[in-house]
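J.: Starting from the known structure of chain A, fit chain B onto it as the hints suggest.
Each chain is listed here by its residues.
Protein chains: 2
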Amino acid sequence: MTISDRSVGPDQIIGILGGGQLGRMLALAGARLGLPFDVVRRITEADYSDEEALARFAGDVDVVTYEFENVPARAADFLASRLPVRPGPMALTVSQDRVREKTFARECGLAVPDFAPIDSVDDLARALETIGRPAVLKTRRFGYDGKGQVVIRAGDDPARAMAAIGHQPAILEAFVSFEKEISVLVVRGVDGEIRHYDPVENVHRGGILRTSTVPASIDVSLGARAALTGTVLAEKLDYVGVLAVELFVTRDGQLLLNEMAPRVHNSGHWTEAACHCSQFENHMRAVAGLPLGSTSRHSDAVMQNLIGNGVDKWRRLAAEDDSVLHLYGKRDQREGRKMGHVTRLSPLSRD
Amino acid sequence: MTISDRSVGPDQIIGILGGGQLGRMLALAGARLGLPFDVVRRITEADYSDEEALARFAGDVDVVTYEFENVPARAADFLASRLPVRPGPMALTVSQDRVREKTFARECGLAVPDFAPIDSVDDLARALETIGRPAVLKTRRFGYDGKGQVVIRAGDDPARAMAAIGHQPAILEAFVSFEKEISVLVVRGVDGEIRHYDPVENVHRGGILRTSTVPASIDVSLGARAALTGTVLAEKLDYVGVLAVELFVTRDGQLLLNEMAPRVHNSGHWTEAACHCSQFENHMRAVAGLPLGSTSRHSDAVMQNLIGNGVDKWRRLAAEDDSVLHLYGKRDQREGRKMGHVTRLSPLSRD
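Quick mapping for you: the protein sequence lines, in order, are chains A and B.
If you want our numbering, it's the 1-based position in the first sequence plus 694.
If you want our numbering, it's the 1-based position in the second sequence plus 694.
One chain only, chain A, in its complex shape (with noise of 0.2 Å):
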């Protein structure tokens, strides 16, 4: 590789774990910084504890990213031995783990919901007598999109809690009445920059992202607060892209984590529409090793996802004059799935 090669633009491969819409964004938004495109590698869930396909992996990149946190540790640590891996592995420990990402946010400082790690039925019978009812029982690893986790309410039997998870090890969660969720994006660069991108006004039903919202409708020193909350996760833990972190706020202004998310996010696919550099320039970039794009706005903006049938209107939605549509070319239409989003923009709220 000359310097001459360099000259004309990032000329690293990156290699992305995970064959899913943030894959496949990440890898438009690499090609715009005319990264090869169509040299993007995936391995599946099955090569994972094939070390002999992960070396072939290896081989054929500079630098490994992820768009999933489930990657396994063992797989990421492999990887991490040959090559560059970012965000780290240690990204990966603390966020595949619902218990380690709490204690993790707690000796950080940071303000989380009260707790309890649970193995037993009788785990759960003692943290529910100290963290109160309702509460929420979720898995500690693999929970998405609202999966894996139900609430206990007054009257409802420990038992059947447990065995609605499937026994699995999980975390006992004081239930929290928020008034709001709002998630925030930073980005880190390997120099240690931090940028972070207005938070962002989130809407869920059934556990899945519906809306999210820009500027969110918070005070400004809240969303200070929000932005702190993610510089302060990225450089605890030595991060090198885009770090989501999701929070509550509760009646009484107060920010509580609900969970992280070590790469580029659903509450941040408004960026590419409002932003000069959207979470997944800004992730490659970082990846890359390249300067920071800005993450400032020029348009205010409210992203709403297509989830399953919600697609079939996709045709209104492109004639639509403030939208700016993506769809990832799923052919597979089924409930709950993800197929695509929509950004309506406005112009800048001035306050």
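The reader is advised that the hints may include incorrect statements.
Said to hold, decoys possible - Calculated lysine to aspartate or glutamate pairs in the DMTMM-like style (CA-CA distance at most 20 Å, straight line): (1) A:930 x A:885; (2) B:1024 x A:756; (3) B:930 x B:885; (4) B:1007 x A:705; (5) A:874 x A:953; (6) B:930 x B:953; (7) A:1024 x B:756; (8) A:841 x A:875; (9) B:874 x B:851; (10) B:1024 x A:705; (11) B:874 x B:808; (12) A:874 x A:940; (13) B:841 x B:875; (14) B:1024 x B:756; (15) A:930 x A:953; (16) B:841 x B:953; (17) A:1007 x B:808; (18) A:1024 x B:885.
The set of hints was computed from the structure by calculation and includes no laboratory data.
For clarity, every value in this text was computed on a predicted model and none was experimentally measured.
T.: Just chain B now, with coordinates in the frame of chain A:
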């Protein structure tokens, strides 16, 4: 192909002739619409006379478009006899030949610089009598980025000018001492709907586009006339897709057609950063028979081409706050070669 497949998103496979940056940007825009982007097929120059290769290509895709106007008419006709080619062969025929182009524009009632077809030094000497000097001698075909043209001033030898363009079939055009160069991009759907982007002001140097600025510093009525020029041409050509029209603005406020391009155009690259729907996406929408997207702007913009070693500063540009950077991933840097572009955004100016 079932109805439920169709409801998920556009399911056509669009074949793009030409493998340069415009084709690359079209493919990326198509991917965001959910079109399969790993099946972009390309045929090489050599293939255009290879009917077997063309037939194979036609069999693989549902509709054909192209990123440059020099697709041989015979290849276009061959493909058009088998599947939709958009824009149609008529647009190619007219825009491939400067004499046909200017004749066609004049038939549409549009103003063009004085011109005459030139096949010999004698033709040229005669034409110089009527058109006067300075005048510009251009090859009828295959000119781009200022190649294949020479200015003839007082005292210049016509024979030498003919030699300079290799004695090819040519056109002599009156030299327009313009005040500004502008261009307008219109997009026309299969249903005949036409939209246009705001006209932009272009600066060329050495025959190569350097910057495009929007809004152009022209008055509203002139902008409307420019848009009308594009609309008239698109309608008369029964056009489908994005059509670029370059115009001279003379000192007395006249608009003269310089040339048109039946494709997405360098002077429209800013649309990917400043509009809800870029020229690339709108071209793909039109070609796929989808509703056209909004051509409105959310920002003012200045697009600057990164030419030859101008791309060496890409790292600095990547770090700029209001810049949207786009690199084409070309490894081989040559003088005059377009390597990328950067669009600087600023808040929308209001009249």
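J.: Under the criterion that the straight-line Cα-Cα distance not exceed 20 Å, is the pair residue 1024 of chain A, residue 756 of chain B satisfied?
T.: The hint holds at about 18 Å.
J.: Has the given pair, residue 930 of chain A with residue 885 of chain A, been kept, meaning a C-alpha gap of at most 20 Å?
T.: holds (14 Å)
J.: Decide if the proposed pair is consistent with the structure: residue 874 of chain B and residue 851 of chain B, CA atoms, cutoff 20 Å inclusive.
T.: Answer violated: residue 874 of chain B to residue 851 of chain B is near 29 Å, above 20 Å.
J.: CA of residue 1007 of chain A to CA of residue 808 of chain B, is that 20 Å or under?
T.: Not OK: residue 1007 of chain A and residue 808 of chain B at ~51 Å, beyond 20 Å, violated.
J.: Verify the proposed pairing of residue 930 of chain A with residue 953 of chain A, using a straight-line Cα cut of 20 Å.
T.: holds (16 Å)
J.: With the threshold set at 20 Å, check whether the alpha-carbon distance from residue 874 of chain B to residue 808 of chain B stays at or below it.
T.: Answer holds: residue 874 of chain B to residue 808 of chain B is near 18 Å, not above 20 Å.
J.: Given the hint that residue 874 of chain A pairs with residue 953 of chain A, test it: the Cα-Cα distance must not exceed 20 Å.
T.: holds (14 Å)
J.: Mind checking the alpha carbons of residue 874 of chain A and residue 940 of chain A for me, to see if they're no more than 20 Å apart?
T.: Distance ~11 Å between residue 874 of chain A and residue 940 of chain A Cα, so the pair holds.
J.: Straight-line Cα separation of residue 841 of chain B and residue 953 of chain B no greater than 20 Å?
T.: Given pair residue 841 of chain B, residue 953 of chain B holds - Cα atoms ~14 Å apart, limit 20 Å.
J.: Given the proposed pairing of residue 930 of chain B with residue 953 of chain B, does the C-alpha separation stay at or below 20 Å?
T.: holds (16 Å)
J.: Run the distance test for residue 841 of chain B versus residue 875 of chain B: straight-line Cα separation, threshold 20 Å.
T.: OK: residue 841 of chain B and residue 875 of chain B at ~18 Å, within 20 Å.
J.: Decide if the proposed pair is consistent with the structure: residue 1007 of chain B and residue 705 of chain A, CA atoms, cutoff 20 Å inclusive.
T.: Answer holds: residue 1007 of chain B to residue 705 of chain A is near 15 Å, not above 20 Å.
Violation of the numbered hints given earlier is confined to hints 9, 14, 17, 18; the remaining hints are satisfied by the structure.
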